[in-house]
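There are 4 protein chains.
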Amino acid sequence: MKSLFLLLPLLLAFTAPTKPTRVVFFGDSITEAGARPGGYILKIQEMLAKQNRAADYELIGKGIGGNKVYDLYLRMEDDVLALKPDVVVIYIGVNDVWHKSTSGTGTDAPKFVKFYEALIRKLQAGGSKVILCTPAVIGERTDNSNEQDGDLNAYSTMIRELATKQNLPLVDLRKAFIDYNLQNNPTNKDRGILTTDRVHLNETGNLFVAEQMLAAIEKR
Amino acid sequence: MKSLFLLLPLLLAFTAPTKPTRVVFFGDSITEAGARPGGYILKIQEMLAKQNRAADYELIGKGIGGNKVYDLYLRMEDDVLALKPDVVVIYIGVNDVWHKSTSGTGTDAPKFVKFYEALIRKLQAGGSKVILCTPAVIGERTDNSNEQDGDLNAYSTMIRELATKQNLPLVDLRKAFIDYNLQNNPTNKDRGILTTDRVHLNETGNLFVAEQMLAAIEKR
Amino acid sequence: MKSLFLLLPLLLAFTAPTKPTRVVFFGDSITEAGARPGGYILKIQEMLAKQNRAADYELIGKGIGGNKVYDLYLRMEDDVLALKPDVVVIYIGVNDVWHKSTSGTGTDAPKFVKFYEALIRKLQAGGSKVILCTPAVIGERTDNSNEQDGDLNAYSTMIRELATKQNLPLVDLRKAFIDYNLQNNPTNKDRGILTTDRVHLNETGNLFVAEQMLAAIEKR
Amino acid sequence: MKSLFLLLPLLLAFTAPTKPTRVVFFGDSITEAGARPGGYILKIQEMLAKQNRAADYELIGKGIGGNKVYDLYLRMEDDVLALKPDVVVIYIGVNDVWHKSTSGTGTDAPKFVKFYEALIRKLQAGGSKVILCTPAVIGERTDNSNEQDGDLNAYSTMIRELATKQNLPLVDLRKAFIDYNLQNNPTNKDRGILTTDRVHLNETGNLFVAEQMLAAIEKR
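Protein chains in written order, with UniProt numbering: chain A, 1 to 220; chain B, 1 to 220; chain C, 1 to 220; chain D, 1 to 220.
Keep in mind the hints are simulated off the structure, nothing from the lab. These figures come from a predicted structure and were not determined experimentally. Do not rely on the hints blindly, as some may be mistaken.
What the hints assert, rightly or not - DSBU-like cross-link-like pairs, simulated, lysine-lysine; straight-line CA separation at most 35 Å: (1) D:122 x B:111; (2) A:111 x B:50; (3) C:114 x D:122; (4) A:175 x D:122; (5) B:84 x A:122.
What the hints assert, rightly or not - Pair ranges (Cβ atoms, derived): (6) C:175 x D:102: 51 to 59 Å; (7) C:175 x A:182: 50 to 58 Å; (8) A:220 x C:64: 52 to 60 Å; (9) D:218 x B:36: 55 to 63 Å.
By construction, the Cβ of each residue, glycine as well, lies at the ideal position given by its N, Cα and C atoms.
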């Protein structure tokens, strides 16, 4: 009888349904693909399932192709705040840089920061914890000769400074991708290591991002 | 004695100072300059003063150089809604087109419309009446050979369609400027008729815009 | 007998096979497609064949996709002068304007003129008669609201001025296309009248260009 | 007496003034400024004068602001070949990269190489020895976060490959500037170390380039 009483709290801990942590992944086409089969969000789900922890998290992908930071700001209320997420992972920046040269519609550096700050402020005011990511790559060459490397480095620095200043968790995908390529891309290819097309993730890339993301979500 | 009491409310209604209509001019460098000496906002003030109607309106300039439609959206709450204006005149679009070629940071056409619509919605929800303007010119040549004419025409069409669809007053500056130049720019100059530098207003241009704006504000 | 001898040279002149006039069409992807089945160069050939005049002309297409005026200048010696053509039809300008917004690699207006002039000068020095063309369209909307209309009008004006100044034949495709669309594009579509995709010629467009080109070649 | 006559030609050969080596510096605004007081070409002249070797070289600046590789190609005959130089130092590439974002009129990478190769070929055919230079910097930050770093690295790689393939002397200014900044720019400034404005040379920069250039000219 005594042992039963001792076990009771333990039993309750195992049986009481905990509300899962709701995580919204908020981003562009990389995140849109992340919610499809093989995508990084589903891979995080699989990792959790293997650890019998599928119920701990509710993962929701809110990526739209072509999005820039100000697109996130525009649709934040309807697409994210309305869901009252516990955590929002912001993964944006590739198109803000890339569209400068492909259609003349990128985002100026100072405005990138202003919109990013406003986004964080509103999400936090809505009760969400915010995790930042740096934009990984537009081209996987390892000698800093991908056309947008300069800007990607600059915009990543801005995001890192935001994370530091506001004491927010950061998934430094840019650093992680570059380090990975330095180890795994000896012939200086511009795609095919972690991406299919210099930007979007291949199988390895999705797994790689899933690992980085999950670690940050758990550590938050 | 009795009649006097009956008249009193009527007398008060005629003599009590009415609250002036608060109008915010919300835009880019053209509007920023509009609030400076010689600018179109001050010219509207002067026109009203000549008619002894200076007290009817409180005119407030909220233009910032380099602004695009999404910049207005970002600062709308602090800069406009906080003032609880009766009327907001939105005059934006030049930089959305122009920055495509000068820095690769213009605004895609579909996003221009989305942000414009969101801006109108939020301003109206805040209790303001909204007046739209088309972007006047980037170059005053009359043969449609200014580099951005195609885009300015396209973005102006989008704004006209918004005004029609939502039944909002429109100051069609683009049409007005082109018509004026067809009459007054026989040698097809690219500046010097209504602008100093193809974009920003000279004395005549400020007066011209003031007239168009005041007519729309009164008619609203 | 005497009269027969006098007539002989005249008879020979009428019966001897004349060397055909060699015409090189020098341009971009529109001209590259012009030399393929259904293309405008083959259509000119067919028109001549119907008039039993196929032997009068040797038509050679020298178009390469993506070419701008300076690409023509670079390959002029190998691709054109080496063929010692009697006539060179220069049809260039679309990419000089278009690539400004699609890849940041268009051609500045003053340099467009400088290269065009140098091209004419070298082709003429090589013994060829030169025919100029204006760039037709990037978008077939009739209200000057295609994004590049301003620049296309400006670059066409520059080519018209070159033709006038140097007294050279001009195929004013831009004017012809706009006039045709004003008659045949009542719903302001941006493609499908003379082009398949806003730029490249459909069947009607190839026929239309063939007619304009042949007229200019014959009149030269 | 007889022996004296035999010696005479030899004596003359030793004492007669040798014709100076004519060097043309062929480039953009950096080279245009290089021929002005304080510029790198005049600094080379001063260095030679200090060694009493001013007469060994005739240095001619042929830089024009805003020039890209195809501008050099266009004016090569008049501005360079006409002078029959012994050596031509080609210093180009900054605007080919930079103008992509400032006016949409940069140079595509493959065309940059094609024009550069054609330039070398024609200059060599004209009897000149050719020395190549990589484009130094657009921004002096040392962490590869200057906007154009990716492209400058890529275009420099292309020039290095041309030099290797054709066995031509190379002044690798990009590498030299980056190395210098890594030593002398501890606070990651974007200007003020070797440039005044991120691109054009300050006093130290002109001296630095002069040293690099002179070494290559002497070694050629």
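Right, here's what the structure says about each hint:
Between residue 122 of chain D and residue 111 of chain B the alpha-carbon distance is near 49 Å, which puts this suggested pair outside the 35 Å criterion. A C-alpha spacing of about 42 Å is found between residue 111 of chain A and residue 50 of chain B, which places the hinted pair above 35 Å, so the restraint is violated. Proximity of residue 114 of chain C to residue 122 of chain D is assessed by CA-CA distance (about 20 Å); at most 35 Å being required, the pair is judged to hold. A threshold of 35 Å between alpha carbons decides the hint, and for residue 175 of chain A with residue 122 of chain D the separation of about 45 Å lies outside it, so the pair is violated.
With a C-alpha separation of about 21 Å, the suggested pair residue 84 of chain B and residue 122 of chain A falls inside the 35 Å cut-off, and the hint holds. A beta carbon spacing of about 32 Å between residue 175 of chain C and residue 102 of chain D contradicts the range 51 to 59 Å that was offered as a hint. At about 57 Å, the CB distance of residue 175 of chain C to residue 182 of chain A agrees with the hint of 50 to 58 Å. The hinted window of 52 to 60 Å between residue 220 of chain A and residue 64 of chain C holds, with their beta carbons roughly 55 Å apart.
Separated by about 59 Å at the C-beta atoms, residue 218 of chain D and residue 36 of chain B satisfy the suggested range of 55 to 63 Å.
Of the numbered hints listed earlier, those contradicted by the structure are 1, 2, 4, 6.
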